[in-house]
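Given two chains presented individually in distinct reference frames, assemble the corresponding complex, making use of the accompanying hints.
Chains Y and P supply the protein sequences, listed in that same order. The first sequence begins at 1 in our numbering and counts up by one. The second sequence begins at 1 in our numbering and counts up by one.
Treat the hints as calculated values from the structure; they're not laboratory data. Worth double-checking, as some hints may not be accurate.
Stated by the list, open to error - Per label pair, the in silico range of CB-to-CB distance:
no., chain 1, residue 1, chain 2, residue 2, range
1, P, E93, Y, F184, 26 to 34 Å
2, P, D9, Y, Q179, 52 to 60 Å
3, P, A89, Y, F174, 46 to 54 Å
4, Y, E130, P, A357, 43 to 51 Å
5, P, L63, Y, D107, 54 to 62 Å
6, P, I123, Y, Q99, 45 to 53 Å
7, P, F118, Y, F184, 25 to 33 Å
8, P, N124, Y, I73, 51 to 59 Å
9, P, D9, Y, I177, 48 to 56 Å
10, P, I174, Y, R212, 21 to 29 Å
11, Y, Q179, P, I308, 44 to 52 Å
Unchecked claim - Pulled a few chain Y residues facing chain P out of the computed Cβ check, cut under 8 Å:
no., residue
12, I34
13, Q35
14, G185
15, F187
16, G190
17, L194
18, I200
Owing to the predicted nature of the structure, the values given are computational and were not obtained by experimental measurement. Using N, Cα and C, we set each Cβ at its ideal position, and we do this for glycine too.
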Amino acid sequence: MSETAEAKVKEPLFSKKNKKLLTDPLNDDNPITIQVLGICSALAITVQVKQAFVMSVSVLAVMIFSNLIVSLIRNLIPSRVRIIVQLVIVAALVILVDQILKAFVYDVSKQLSVFVGLIITNCIIMGRLEAFALANKPFPSILDAIGNAAGYAWILIVVAIFREFFGSGKLWGFQIIPQSFYEFGYFNNGLMILPPMALITVGIIIWVQRSRNTKLIESN
Amino acid sequence: MKIFRNILDSVKPNFEKGGKLEKYYPAYDAFETFLFVPGHTANTGAHIRDAIDLKRTMVTVILAMVPALLFGIWNTGYQHFLALGQPDATFLEMITFGAIKVLPIVVVSYAVGLGVEFIFGIINGHSINEGFLVTGMLIPLCLPVGIPLWMVAVATLFAVVIGKEVFGGTGMNIINVALTARAFLFFAYPTLMSGDKVWIDTTLASGETMADGYTGATLLAQSTESATTYVNAAGVQYTDIFSSAFMGTIPGSIGETSTLAILLGAALLIYTGIASWRIILSGVVGAFVMGLIFNAFAVNPFMEVPAINQLVFGGFAFGIVFMATDPVTASQTNRGKWIYGFLIGIFSIMIRVFNPAYPEGVMLAILFMNIMAPLIDHYVIQGNISKRLKRVKVAA
Numbered sequence: 001m002s003e004t005a006e007a008k009v010k011e012p013l014f015s016k017k018n019k020k021l022l023t024d025p026l027n028d029d030n031p032i033t034i035q036v037l038g039i040c041s042a043l044a045i046t047v048q049v050k051q052a053f054v055m056s057v058s059v060l061a062v063m064i065f066s067n068l069i070v071s072l073i074r075n076l077i078p079s080r081v082r083i084i085v086q087l088v089i090v091a092a093l094v095i096l097v098d099q100i101l102k103a104f105v106y107d108v109s110k111q112l113s114v115f116v117g118l119i120i121t122n123c124i125i126m127g128r129l130e131a132f133a134l135a136n137k138p139f140p141s142i143l144d145a146i147g148n149a150a151g152y153a154w155i156l157i158v159v160a161i162f163r164e165f166f167g168s169g170k171l172w173g174f175q176i177i178p179q180s181f182y183e184f185g186y187f188n189n190g191l192m193i194l195p196p197m198a199l200i201t202v203g204i205i206i207w208v209q210r211s212r213n214t215k216l217i218e219s220n
Numbered sequence: 001m002k003i004f005r006n007i008l009d010s011v012k013p014n015f016e017k018g019g020k021l022e023k024y025y026p027a028y029d030a031f032e033t034f035l036f037v038p039g040h041t042a043n044t045g046a047h048i049r050d051a052i053d054l055k056r057t058m059v060t061v062i063l064a065m066v067p068a069l070l071f072g073i074w075n076t077g078y079q080h081f082l083a084l085g086q087p088d089a090t091f092l093e094m095i096t097f098g099a100i101k102v103l104p105i106v107v108v109s110y111a112v113g114l115g116v117e118f119i120f121g122i123i124n125g126h127s128i129n130e131g132f133l134v135t136g137m138l139i140p141l142c143l144p145v146g147i148p149l150w151m152v153a154v155a156t157l158f159a160v161v162i163g164k165e166v167f168g169g170t171g172m173n174i175i176n177v178a179l180t181a182r183a184f185l186f187f188a189y190p191t192l193m194s195g196d197k198v199w200i201d202t203t204l205a206s207g208e209t210m211a212d213g214y215t216g217a218t219l220l221a222q223s224t225e226s227a228t229t230y231v232n233a234a235g236v237q238y239t240d241i242f243s244s245a246f247m248g249t250i251p252g253s254i255g256e257t258s259t260l261a262i263l264l265g266a267a268l269l270i271y272t273g274i275a276s277w278r279i280i281l282s283g284v285v286g287a288f289v290m291g292l293i294f295n296a297f298a299v300n301p302f303m304e305v306p307a308i309n310q311l312v313f314g315g316f317a318f319g320i321v322f323m324a325t326d327p328v329t330a331s332q333t334n335r336g337k338w339i340y341g342f343l344i345g346i347f348s349i350m351i352r353v354f355n356p357a358y359p360e361g362v363m364l365a366i367l368f369m370n371i372m373a374p375l376i377d378h379y380v381i382q383g384n385i386s387k388r389l390k391r392v393k394v395a396a
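Here chain P stands alone, though its shape is the one from the complex (with noise of 0.2 Å):
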């Protein structure tokens, strides 16, 4: 720590007013905050006084990440050796192809990122802080592996610059920037983005086949044709959907797949209570019901689908945890956050189910839902008024 501190102290005057790199002071002052607490204190107005600072929060958000990070690296190279006819490849394998093939896409996702927050940063001369650090690891979760890492790095750029620059920077985005950056992928480029090519890395090298019976279908794809009969991507029948869809040994996007892996990361979330545990028991409940009304009807395969296996199928999961979540986003009333959670649950089944076209519903839910969020809290904030008036009439 002291080899930081003393690099730092020797390049601040030039950074300082009056030297020579003094426009790039948000720059220095991004790397200062980074390494070490802020010695500067805030001198007017009141404050807060709390262990608790956006850096912290963004740091466990992305804690809870790994468990999810981990397995997508994992189930990368399991279902490339699965879909080559070689289950028994050994764990090593599976990971090392994996992480080469998942590694690089978070490294662009940071590094364009993070370069244009530095040059906002710089343009209009206010401080770096760290709110692009939970995005960029989002961003790589909820694509297929398959993507090219060029789209990434646009995809990253348009979400960073039109999701939240424009608004005016951290904390000041009305929608999600992660998934502004799925969305423009998914329209943009949508045979890259859905189908059954993309979800595994199926790059052969010489004398490799694809195992018989090979197929990269996720399993919404497949609940279009059928409630029941899932096959894996080496065509052999799951034995039990909803274990294998709730471990994640399932082809899908790269963090998504595994609900426990990401329910970790929301244990981690409530504890802490960063994350709002009420948005994502509503936005289950909401799910759950939705998926219930459908079985009632059941007038096609897709409706017929359990209930409890739409919540573990597709990014229903990672998304209500990690991206529903956001704080920015999201409503800031209890009374709104149930209420925008549920509505959440309710479209997403809603969606998957009614638009075969768009099988992951929850992405256009949570952007859809994003910008409802403060007419939500308006009307809770005002219905809290007129309640409070009611009673100060009564009394009088």
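Extracted from the complex, chain Y is given alone in its bound form (with noise of 0.2 Å):
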């Protein structure tokens, strides 16, 4: 770990870059709302809080883990079969975290499927071991990973929120809605449900985020 003891010397360990690093995934340059990557889970896993929370958790393992060991071994990757080996790190952390998923969570896990298998093509995890931590040192990279998961976690789980809460009135499982509601006539709204749902729900916090943001705004 020397890499990290030199980044702490030349600069302090959070210094204004490193702690722009953390917090710019989660507003200004969000892997889900703003790059729209990540979508395809975004909109498989978030009919339930617990879903999405345990994805969140799995998705942040794996991108810390992969920046790491990345970062850690960037120089002596040659950068022709980058690629593959960037897929077999991830690879490899992903049987893990699955491995992981069965054995303590089994039925989350099971209800997630194939989705966990799929984080390997999560476009975020390969876009920043591409983008961020084939160059940059350790350190900034764990920052980055915690960063950019921390963003899509959020998405995530809000849209999660919004989801399960309207489509079968729960949060986390639990029964949110009391039942006199739906002796007075309401119902669980069946679109929620749906993946379209989703693409929608995405849609609009991407609609209020850019009109709180206005620098985000495209002119055209």
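Spelled out as structure tokens, the structure:
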């Protein structure tokens, strides 16, 4: 970990630049709403908050370790085979995460099914490896991973909250909307369970974000 | 009229630049232009002088929908009393019952939709126009009478915001707003939008009972069982199914049952040139052709339904006259309109027959073709360009 030490000497641990790595992906450079990456899993596993949370943690773990490992060996990877090297690293980590999920949260793992395996193809991870970890030191790489995974996670969880609340009247599996509402004539919104509504919810988040943050609006 | 003018003139200073309600000028403008012809003229560029404007177009379409609305009100009452086994109820009783059930849906649809239009107009500072007037009438007419009012409100809100305002408001939407509302309800609350419980209002007052053999199923739902035996709400078999469906004395969404009332509206729209006769004609031909194709194979009862009956069952007539012809979302080129209408006809009957879960195929067919319309136009225009280019080359 000599490189981390070097970074410490050269600049404070949480310099302005490093802080930016952490906070930018949360808003101005959000992987889902601004870069529009990782949409596939955002649509598929946001029906329940629990699934979305487990998925976010899995992606966070895979991202941190893959960014760290790739950053550590970045000078050893021949650039012509770098994609396959990255894939091997990510795939190994995903299998680890998958096994852990199966061991400890089996029911959620079953619901997530193929989407855990598909973390390998999550464009956010490959994108950060290519764009950041290959050219930066381990510590900033970890910060970048945490920032991007958190940016991914909060969108996922917000979308899941909306979908679970309106779609099945629950949050984290607990009934939130009381039974008396249903007796009064309230119905769960079946469209919220279907993937198109996830896309529309993400769209609304993008809309709100852009109208609050005017520098994101593209001029034409 | 003088009273309105005086009221408007007296509050006008508040809304003009520097007034305390300056922000709400679009709202004032909406009322003023709704009541009076605006006094300002365009001062740049070429423009067309025409007696018809957006407001008059919209009002004509609403007039065209009045027969369907009135018939829907009567039919709501008729079906209700039929289901109770009292077909002898007076005309006035039926109208009163229908009006009590139908008018609140219309009011909610207009209130919510216009509310959203006003809010967006004020936030964005653009003038509020009459785009919602037609949509606000179409939404109630394509819903079953048993729909709860709050669902109408939610669906209207969704349709106007997601279906129209995000694209930039009236004239910019790519899919029909009223159908967006219907599709939203259809997928969000399927139990209240399909089945055999929702089409007839069966609220019972004390002492009332259902007729023996009561059924609330629509003809489309019954068609999946048999192509020949249909029973009405009171459980009595229809004597002449085509004329019943044509006249509209059948269960169904509020405004779509009577093909006759819709044809009256269609006549007005075609006469005034507001709806494209190309779309209506090609749509009917498409549906009829698809019906004939199914008749030729006829492996299940639904395929045996005579092609001519397919045209009067369900919401096909309503959809093709009032929704497919929406000038904003339909194809713009004449050849494109033929293709667009024909494919709507084909797909409506295809979805209807192949997927019993979605007996009302016309909604999905129109939404699908709305999305395809720009593509059709693109190829029609490209085809025209290349044809003309070829002519130039031959001449040279």
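- Message: When the structure is checked against the list of hints, which entries are broken? Sort them ascending.
- Response: Going through the list in order, the structure violates hints 12, 13 and respects the others.
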